[in-house]
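S.K.: Each chain, written out:
Protein chains: 2
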Amino acid sequence: MSDKPVTIYDIAQLVNASAATVSRVLSNSNYPVSSEMSKKIKEAAKQLNYTPNMLGRQLKKNNSMSIGVIIPSISNPFYADVVLGIEEIARQSGYQVLLCNAHQNPKLEAEYLQTLLEKQVKGVIISSISQRRGWLKPYLNRGVSIISIDQRIESRQVVQIGFDYRHGAYLACSHLIQRGHRRIAFISAALNRSSRQHIHQGYQDAMQEAGITPLKAWIQISEDCEDTKYCSTFEFNNGKQLAHHLIAMPIQERPTAILSCNDLTAAGAIKELKEQGIDVPGQMSVIGFDNIELSEMLTPSLTTVNLPKYELGTLACRTLMNLLNGDHVGEREMMLPPEVIERDSVVTRLE
Amino acid sequence: MSDKPVTIYDIAQLVNASAATVSRVLSNSNYPVSSEMSKKIKEAAKQLNYTPNMLGRQLKKNNSMSIGVIIPSISNPFYADVVLGIEEIARQSGYQVLLCNAHQNPKLEAEYLQTLLEKQVKGVIISSISQRRGWLKPYLNRGVSIISIDQRIESRQVVQIGFDYRHGAYLACSHLIQRGHRRIAFISAALNRSSRQHIHQGYQDAMQEAGITPLKAWIQISEDCEDTKYCSTFEFNNGKQLAHHLIAMPIQERPTAILSCNDLTAAGAIKELKEQGIDVPGQMSVIGFDNIELSEMLTPSLTTVNLPKYELGTLACRTLMNLLNGDHVGEREMMLPPEVIERDSVVTRLE
DNA sequence: CTGAAAGCGCTAACAT
DNA sequence: ATGTTAGCGCTTTCAG
Chain A
1 MSDKPVTIYD IAQLVNASAA TVSRVLSNSN YPVSSEMSKK IKEAAKQLNY
51 TPNMLGRQLK KNNSMSIGVI IPSISNPFYA DVVLGIEEIA RQSGYQVLLC
101 NAHQNPKLEA EYLQTLLEKQ VKGVIISSIS QRRGWLKPYL NRGVSIISID
151 QRIESRQVVQ IGFDYRHGAY LACSHLIQRG HRRIAFISAA LNRSSRQHIH
201 QGYQDAMQEA GITPLKAWIQ ISEDCEDTKY CSTFEFNNGK QLAHHLIAMP
251 IQERPTAILS CNDLTAAGAI KELKEQGIDV PGQMSVIGFD NIELSEMLTP
301 SLTTVNLPKY ELGTLACRTL MNLLNGDHVG EREMMLPPEV IERDSVVTRL
351 E
Chain B
1 MSDKPVTIYD IAQLVNASAA TVSRVLSNSN YPVSSEMSKK IKEAAKQLNY
51 TPNMLGRQLK KNNSMSIGVI IPSISNPFYA DVVLGIEEIA RQSGYQVLLC
101 NAHQNPKLEA EYLQTLLEKQ VKGVIISSIS QRRGWLKPYL NRGVSIISID
151 QRIESRQVVQ IGFDYRHGAY LACSHLIQRG HRRIAFISAA LNRSSRQHIH
201 QGYQDAMQEA GITPLKAWIQ ISEDCEDTKY CSTFEFNNGK QLAHHLIAMP
251 IQERPTAILS CNDLTAAGAI KELKEQGIDV PGQMSVIGFD NIELSEMLTP
301 SLTTVNLPKY ELGTLACRTL MNLLNGDHVG EREMMLPPEV IERDSVVTRL
351 E
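Protein sequences, first through last, are from chains A and B.
Under the UniProt record's numbering, residue 351 is the last one in the first sequence; the count climbs by one each step, no gaps.
Under the UniProt record's numbering, residue 351 is the last one in the second sequence; the count climbs by one each step, no gaps.
Because the hints were derived from the structure by calculation, they are not lab data.
Note that the structure is a prediction, hence the values are computed from the model and not measured.
There could be a bad hint or two in this list.
Identical copies carry no separate label here, and so any pair may be met within one copy or between two of them.
As the list claims (entries may be wrong) - Straight-line distance between alpha carbons at most 30 angstroms, and here's what the computed DSS-like set of lysine-lysine pairs gives:
(1) Lys61 to Lys4
(2) Lys137 to Lys216
(3) Lys107 to Lys274
(4) Lys274 to Lys216
(5) Lys42 to Lys61
(6) Lys60 to Lys42
(7) Lys4 to Lys107
(8) Lys61 to Lys39
(9) Lys46 to Lys107
(10) Lys60 to Lys274
(11) Lys274 to Lys4
(12) Lys42 to Lys4
(13) Lys216 to Lys39
(14) Lys240 to Lys40
(15) Lys60 to Lys240
(16) Lys107 to Lys40
(17) Lys46 to Lys216
(18) Lys240 to Lys4
(19) Lys39 to Lys274
(20) Lys216 to Lys42
(21) Lys137 to Lys42
(22) Lys240 to Lys39
Work out the full structure, taking the sequences as your base and the hints as a guide.
M.R.: This is how it looks when you write it as structure tokens:
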């Protein structure tokens with residue numbers, strides 16, 4: 001237990017070889033080594049219970065074989081799925097993932113990035129809340145590859161991978177319109193992220209295309225509150241509150257359907273509607289956004305817009321690996337297509 | 001961008017000092033350095049835009065300042081919360097978290113542990129599915145501190161931190177009994193983990209204490225299927241299926257309440273019951289286990305047993321930090337207390 | 001095919 | 001208070 005750890009020198013000594021040769025064998029270099037020497041070394045390594053110290057290799061090669069993943073919070077199931085995808089590809093590629101929960105805090109984001117740099121991480125996947133233009137510049141200048149997921153970052157130098165939120169919302173809203181709805185509400189927390197802005201835009205586009213001018217009161221967007229920690233409960237309660245505003249409207253103006261900026265908010269809305277004795281989808285249809293696992297567990301199960309989260313993770317990580325290998329990366333900007341998942345919370349409205 | 005990275009030598013040169021002095025200043029060692037020298041060095045570091053290369057320090061000190069966290073899957077919200085707690089403490093202590101999703105695969109678990117060792121990780125928090133006695137021995141022998149969370153591991157050398165599942169289930173079942181229920185079902189996936197076994201035991205204990213002998217058919221435990229990837233949907237569908245069996249029983253034998261081994265399964269049960277026209281909690285009360293965020297979003301919101309997951313994470317990581325610092329760690333085995341959270345899925349049964 | 005030697009960036013005796 | 005020196009464990013020229 002308190003023995004000195006065994007190194008390639010110990011092995012070299014045991015088989016009367018040099019450390020160089022041992023290194024060549026044990027690091028799977030393609031440098032020629034006689035097969036008998038190679039065999040002896042491998043046996044000795046096993047016998048001595050050798051474990052390579054990667055810090056040595058990594059210092060030499062200046063490559064830590066780790067990537068950083070900076071997200072708001074892993075307790076958000078959305079990111080949990082993305083990270084699962086990232087980690088899977090990373091592992092397959094021999095990389096490890098350093099997980100950083102930045103809690104929507106720009107200072108923490110910067111702190112993490114610094115730490116990752118110091119740990120000689122050469123690639124970072126980030127879903128940053130910071131919109132401040134150029135803030136990644138100093139890191140990029142140090143040769144770190146950065147991939148921004150889900151949230152846009154103003155920079156030509158970072159690869160952006162996300163979802164086409166606008167189109168997703170457009171699809172969702174069109175779905176409602178096709179089912180005979182015209183008074184369609186949009187509910188969301190503050191539009192302080194590009195994703196939410198795009199969802200809002202998609203809603204507007206679909207409405208306009210259908211020739212519907214939404215009433216002000218149909219568009220319920222809550223105040224921007226700078227709560228530092230992410231929390232599902234916030235979105236949920238927000239949905240409850242916004243739905244409450246909606247049903248306070250006079251019946252002839254009241255919407256017959258709600259498009260929510262995410263599933264959590266939709267869940268809150270449904271809960272509130274039911275508590276207020278409004279049947280979903282009988283009296284009010286609800287469509288969500290994200291397709292987290294929750295959505296099929298609700299009653300009624302939630303019609304929503306699927307975002308391929310795991311696939312976002314794998315694509316981001318694959319792209320990062322290409323970048324690190326110096327392979328050519330085609331697009332600097334990629335969008336994964338959303339898709340409406342029909343379940344039970346939307347009903348066709350008979351005129 | 002392709003410049004050589006700046007090292008302490010560059011700084012030393014600039015201020016006419018030795019690398020040693022620079023190191024002493026920049027690594028916050030408490031070794032005495034004149035304040036003017038110190039100031040010059042700090043300024044030079046800033047001017048040169050110096051970023052320390054931790055690989056150098058870590059190789060020297062043989063400490064990677066990373067810990068490993070091995071869990072079945074981060075997409076399980078239970079573990080997401082735990083990991084959030086772990087990461088928070090790790091960050092505060094200057095450590096980073098390497099995340100490993102082992103997908104209930106013993107081979108992957110071992111592979112990860114090996115990689116972590118090679119990366120010179122000195123502490124690992126693991127929720128292992130492997131029950132094979134002594135399998136951690138080789139790692140422990142290399143001086144790695146291991147903390148086992150949530151799942152028991154047969155070893156005197158690893159600190160165990162978990163929940164008192166038995167007591168939690170006992171509380172839950174007693175809660176139902178106190179509310180007049182006597183025909184109480186227990187539903188669960190296969191009892192292939194100690195947590196589930198203990199929950200089952202708690203159920204039995206509470207029933208026995210109340211003088212109730214459960215019918216065989218009340219205890220619905222599904223087959224052990226070796227599905228490699230964890231998936232919420234599995235637990236959910238399992239709940240649906242098991243609930244289905246329950247309501248197939250003749251009405252006079254049919255349970256009036258269900259104790260579920262986790263919230264996901266409870267959610268499935270509730271869904272199935274509602275689909276079959278059985279009112280929850282009017283005709284059937286349901287109590288869950290875990291208190292994941294989903295539970296308050298369901299309708300009816302789920303009465304369940306809270307497990308302090310985030311706290312488990314922080315406690316585990318704090319304990320690990322103590323271990324790594326060589327501080328004395330009191331208990332080798334800790335249990336966090338569960339607690340019944342009353343919501344709307346349990347009703348008092350009037351005889 | 002194999003080995004000697006230098007060095008990745010940093011720290012820590014041990015001098016001075 | 002500062003400098004010199006010798007590594008940490010590994011890879012990689014360069015010579016043989």
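S.K.: Give the relationship of Lys137 and Lys42 under a CA distance limit of 30 angstroms: within one copy only, between copies only, both, or neither.
M.R.: between (45 angstroms within a copy, 22 angstroms between copies)
S.K.: Between the shortest in-copy and the shortest cross-copy C-alpha distance, which are at most 30 angstroms for Lys216 and Lys39: within, between, both, or neither?
M.R.: Close neither inside one copy (77 angstroms) nor across copies (59 angstroms); limit 30 angstroms.
S.K.: Taking 30 angstroms as the upper bound on the Cα-Cα distance, should Lys274 and Lys4 be classified as within, between, both, or neither?
M.R.: Neither, since 66 angstroms and 64 angstroms both go past 30 angstroms.
S.K.: Evaluate Lys137 and Lys216 at a C-alpha cut-off of 30 angstroms and name the case that applies: within, between, both or neither.
M.R.: The answer is neither: 40 angstroms in one copy and 66 angstroms across copies each exceed 30 angstroms.
S.K.: Given identical chains, is Lys274 near Lys216, meaning Cα to Cα at most 30 angstroms, within a copy, between copies, both, or neither?
M.R.: within (24 angstroms within a copy, 37 angstroms between copies)
S.K.: Which holds for Lys107 with Lys274 at a C-alpha limit of 30 angstroms: within a copy, between copies, both or neither?
M.R.: neither (41 angstroms within a copy, 47 angstroms between copies)
S.K.: Could you place Lys240 and Lys4 in one of the four classes (within, between, both, neither) given a Cα distance threshold of 30 angstroms?
M.R.: neither (61 angstroms within a copy, 56 angstroms between copies)
S.K.: Indicate which option fits the pair Lys46, Lys216 if close means a Cα-Cα distance not exceeding 30 angstroms: within, between, both or neither.
M.R.: neither (72 angstroms within a copy, 52 angstroms between copies)
S.K.: Check Lys60 against Lys240 for me: Cα-Cα at most 30 angstroms, and say if that holds within a copy, between copies, both or neither.
M.R.: Neither. Shortest intra-copy (56 angstroms) and inter-copy (56 angstroms) distances fail the 30 angstroms Cα cut-off.
S.K.: Taking 30 angstroms as the upper bound on the Cα-Cα distance, should Lys4 and Lys107 be classified as within, between, both, or neither?
M.R.: For Lys4 and Lys107, only the inter-copy Cα distance (28 angstroms) is at most 30 angstroms; the intra-copy one is 41 angstroms.
S.K.: Give the relationship of Lys39 and Lys274 under a CA distance limit of 30 angstroms: within one copy only, between copies only, both, or neither.
M.R.: neither (71 angstroms within a copy, 65 angstroms between copies)
S.K.: 30 angstroms Cα cut-off: does Lys60 pair with Lys42 within a copy, between copies, both or neither?
M.R.: both (22 angstroms within a copy, 26 angstroms between copies)
Comparing the model with each numbered hint stated earlier shows that hints 2, 3, 10, 11, 13, 14, 15, 17, 18, 19, 20 and 22 do not hold.
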